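Peer 1: The task is to assemble the complex, starting from two chains supplied on their own in separate frames and drawing on the hints.
One letter stands for each residue in the lines below.
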Amino acid sequence: MREAYLLRKVENELRALNELYGYKEMLVDYLSEVNAYVRGANDVEIIKFLHDTQLYALRPDFTAGIIKEVALGDYYGQPLKLAYFGSVFRKNISFNEIYQAGVEILFAEKVLADIESLAHADRFLRALPVKKYILCIGTAQLVPELCQKLGLIESQCCQLKKLLLDRNFVTVKEILKSNLAPEDYQGIVRILTLRDNQEVIYLLEKHFPRVYHATGIADIAQQLGNNCILDLSLVKRLDYYTGIIYEAYVADCPYAVLSGGRYDNLAEQYGRQIPAVGFAVNLNILGTGND
Amino acid sequence: MIKAEKILTVAIPTGRLTAQCLQLVPGIGQAVLKKTGRKLMWQNEELRIITVKPLDIPVYVERGVADCGLVGNDILLETAFEVYELLDCGVGKCRLSIARLATEVDQPLKSIASKYQNLARDYCLRNGLNIPVIHLHGSVELAPALGLATAILDIIATGETLRANKLVEVEKIADVSVRLIANKAVYQLQRDKIISLIETIKIRTESKDD
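The listed protein sequences derive, respectively, from chains A and B.
Residues in the first sequence are numbered from 1 upward in steps of one, following the working numbering.
Residues in the second sequence are numbered from 1 upward in steps of one, following the working numbering.
Any given hint might turn out to be false.
In silico DSS-like pairs for lysine-lysine, Cα to Cα no more than 25 Å straight-line [claimed, not checked]:
1. LYS48(A) to LYS110(A)
2. LYS149(A) to LYS236(A)
3. LYS48(A) to LYS206(A)
4. LYS173(A) to LYS202(B)
5. LYS110(B) to LYS173(A)
6. LYS53(B) to LYS173(A)
7. LYS149(A) to LYS162(A)
8. LYS177(A) to LYS161(A)
9. LYS177(A) to LYS6(B)
10. LYS172(B) to LYS177(A)
11. LYS131(A) to LYS193(B)
12. LYS172(B) to LYS162(A)
13. LYS93(B) to LYS177(A)
14. LYS24(A) to LYS81(A)
15. LYS162(A) to LYS93(B)
16. LYS149(A) to LYS177(A)
17. LYS132(A) to LYS172(B)
18. LYS9(A) to LYS110(A)
19. LYS93(B) to LYS53(B)
20. LYS6(B) to LYS131(A)
21. LYS177(A) to LYS236(A)
22. LYS162(A) to LYS173(A)
23. LYS166(B) to LYS110(B)
24. LYS206(A) to LYS177(A)
25. LYS132(A) to LYS6(B)
26. LYS173(A) to LYS161(A)
27. LYS172(B) to LYS93(B)
28. LYS149(A) to LYS173(A)
29. LYS110(A) to LYS81(A)
30. LYS236(A) to LYS81(A)
31. LYS161(A) to LYS206(A)
32. LYS173(A) to LYS6(B)
33. LYS236(A) to LYS162(A)
Worth flagging that the hints you see were computed from the coordinates, not collected in a lab.
Note that this is a predicted model, so its numbers are computed, not measured.
Only chain B is shown next, with the shape it has when bound in the complex (with noise of 0.2 Å):
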């Protein structure tokens, strides 16, 4: 539960931004950064840190275990918890984007898998497109070439996976990169440790937000 007057918790995700994440966060990510081990919380006089899985940072930050979180845009995108999305930190940046094999462009859509089922399903709506949605956990560019999915929805940085599995993006659904999200409560109740934190996080990337 939230605590008033307290030092802020802030949730990080595990897997490809935990390092740019962790450099965003002044003193105590750059000492995380140094360690090694199993641990999932850290803490010193200014802040705690806790890191989780992406899907996750929503659910701890909307119910108050965490007051803020860094995580891509690509996860607020695809969930609909009540979190406060205050700043772009300009990190991590990528995109989602609809791919499908080099030799299959022309061909119809008859199938999408995806880890985002939900902007999958939008995805379909929008294009007025009855197919089905394949909800997959990763690896996802191997569903075209084992002829799982005629298409897949999934992030696209480099382009280097596209490549190798011989897929090519065919459309931007969205620019992707690491949100600092707010709880509702904690916005309000400790707005001068969050614009601190903005402060922080905007000297670190020397975002051009304004």
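This is chain A alone, in the form it adopts within the complex (with noise of 0.2 Å):
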């Protein structure tokens, strides 16, 4: 049990920007059938049940719920702006109840919509009683094209994928080290490490110029608020993530408050293609005295 005044308050201020900015609020399913929500890397995450011979599962995201009614609904080509409030469920060591607040744009492939998903969360952070936040912009086709660079097979693939989650810098650039020439290497750790959202875009065109391009995202940099850094070094637990990934830190919480990014092949296992990209926030950290 947790007292409801803050949450409610800033709830009603994220609310009052979804309907500013031409969100449309939706009620999600809390529960569904477990392959709804299957997808990889998080699935021990999931809380599932069996009701007579079938498995279902309590929501983990929000996400994996609005594609499949997308997908299997009556929507097609026109861009949708959808935003949500809830909880969702998941079983790390104990059973947890997260209270998120998200927005999704689908129908999106444009760079545009990376941009207006960043501006949105942006505002978000902005309506949060945090002192201070920091949004951190990377893009999940660095790693694959980063591998391929390096030669790796898919386990090494995997592998330096989970060194880069953890920020362990020491063995990524081992594996970096052994597998370029010194010029490429320099300016990779550079990539990886630099805080500087001019001189990483300088050197992401000259070693991976196709992610420069496909990503857009020297247009995405000129458009970030002094808040918004890019941080190639970004990777996300779950696979589905296509292009542009985010999230935030604020002061005085641990870990991440907003994640996000774009995940344009979720729908593919209800046979449809649908461009899209959004994020989460979790309001859980206004219950631990961050006012």
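Peer 2: Structure, rendered in structure tokens:
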């Protein structure tokens, strides 16, 4: 049980932002057949239960449920801007209920939609009663391209992804050093560790031109606010991201409070192609004395 | 909890690495080295130092009680906490290895005793060994001599303890040294301070890390 006053106050501010910027609030099912949620690395966190002979699960996030509804529904072509509020359920060490607010922009394949989702994430973060925040932006396309450059096989790629997830720069640098020419090594280490948006973009164009052009990262960087930085060492645990990825940290909270990105292939399991980008912010932090 | 714009809190391991780790920390580290007593937290204008059990350091850092920590990568390999591993400090070098009684090297492996139960289980899994892993908290080298296990997985620095207990190293699992770890949020929100600490440690250890 937690006091709801601050949560509701912030929720109302976020709801007003959604209305102002044209996001339609949706109610999403709490539970579904487990297949709707199964998509890779975080399967173990899904809370499942058997009813008769059917395996069901509590929603571990909103994105999968929204994609299922839209893919199976009568939605075609027109960009959809959807918003939601509610709990998601995951099992780590214990069972966790996390109260989230988030938005998804569907049927949106352009860089403009990426920028729009980042801008809305920035608005959400400004509305939180926190002293300081930072929004870190990367791309899911960098690791596959890096693995190709390094000539790594699939299992080695998984290892490299895990190392980047832990920011284990010690081992990452060892791998880069043993597989790259000195000039490439220096440049790529700088791409992964620098905090200078312009320099990172310059180096990205030089070392990973395909990623540079495919992500439109230069356009995105131009629109970034003061609290946004490019962090190309950013890696997501979930495999479904296909383009821009981002997460945000706030003072007084040791974990990322906001997480999002582009996921163009999630609807493939329903035989649809729905380019989409979105994020969720964890509002549980408002119950931990952050006000 | 982490506070914005505050001084960094660095967790230092108690035990064999304390002195080496304190020497890496600017200013206050040297001051703490000279002090005795049971105090576990020290502070000056730049840094706060806390001393905690090595296995607890990733917990403190993951949960943001400490902003960063110095800890052997044996602990990081054994545990699965979400912290960032930023620098090999190049001190406290040793290795994680399998060791056996010199007289039993050719015998089948029937059990492994270790403080590192997860790493021991991984070793068994990788080698297709369906054998018990016996979790001990110390004096692991005793286990083969007393018949508790046919092998141990432990850290080896000079090999003196092994020799004293008639053991030989049969397989290296990993090289071990002290690593600088950081909390994810602190790494993003207080990057300048973290980079400054990294640079200081690099200078002190003349680390070749580039």
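Peer 1: Each hint should be assessed against the structure and marked as holding or not.
Peer 2: We went through each hint and held it up to the structure:
| no. | hint | verdict |
| --- | --- | --- |
| 1 | LYS48(A) to LYS110(A) | 36 Å, violated |
| 2 | LYS149(A) to LYS236(A) | 20 Å, holds |
| 3 | LYS48(A) to LYS206(A) | 46 Å, violated |
| 4 | LYS173(A) to LYS202(B) | 15 Å, holds |
| 5 | LYS110(B) to LYS173(A) | 38 Å, violated |
| 6 | LYS53(B) to LYS173(A) | 29 Å, violated |
| 7 | LYS149(A) to LYS162(A) | 18 Å, holds |
| 8 | LYS177(A) to LYS161(A) | 17 Å, holds |
| 9 | LYS177(A) to LYS6(B) | 36 Å, violated |
| 10 | LYS172(B) to LYS177(A) | 23 Å, holds |
| 11 | LYS131(A) to LYS193(B) | 18 Å, holds |
| 12 | LYS172(B) to LYS162(A) | 22 Å, holds |
| 13 | LYS93(B) to LYS177(A) | 21 Å, holds |
| 14 | LYS24(A) to LYS81(A) | 6 Å, holds |
| 15 | LYS162(A) to LYS93(B) | 24 Å, holds |
| 16 | LYS149(A) to LYS177(A) | 12 Å, holds |
| 17 | LYS132(A) to LYS172(B) | 45 Å, violated |
| 18 | LYS9(A) to LYS110(A) | 33 Å, violated |
| 19 | LYS93(B) to LYS53(B) | 18 Å, holds |
| 20 | LYS6(B) to LYS131(A) | 12 Å, holds |
| 21 | LYS177(A) to LYS236(A) | 24 Å, holds |
| 22 | LYS162(A) to LYS173(A) | 14 Å, holds |
| 23 | LYS166(B) to LYS110(B) | 18 Å, holds |
| 24 | LYS206(A) to LYS177(A) | 18 Å, holds |
| 25 | LYS132(A) to LYS6(B) | 12 Å, holds |
| 26 | LYS173(A) to LYS161(A) | 13 Å, holds |
| 27 | LYS172(B) to LYS93(B) | 14 Å, holds |
| 28 | LYS149(A) to LYS173(A) | 14 Å, holds |
| 29 | LYS110(A) to LYS81(A) | 14 Å, holds |
| 30 | LYS236(A) to LYS81(A) | 23 Å, holds |
| 31 | LYS161(A) to LYS206(A) | 22 Å, holds |
| 32 | LYS173(A) to LYS6(B) | 30 Å, violated |
| 33 | LYS236(A) to LYS162(A) | 9 Å, holds |
Checked against the numbered hints given earlier, the structure breaks hints 1, 3, 5, 6, 9, 17, 18, 32 and satisfies all the rest.
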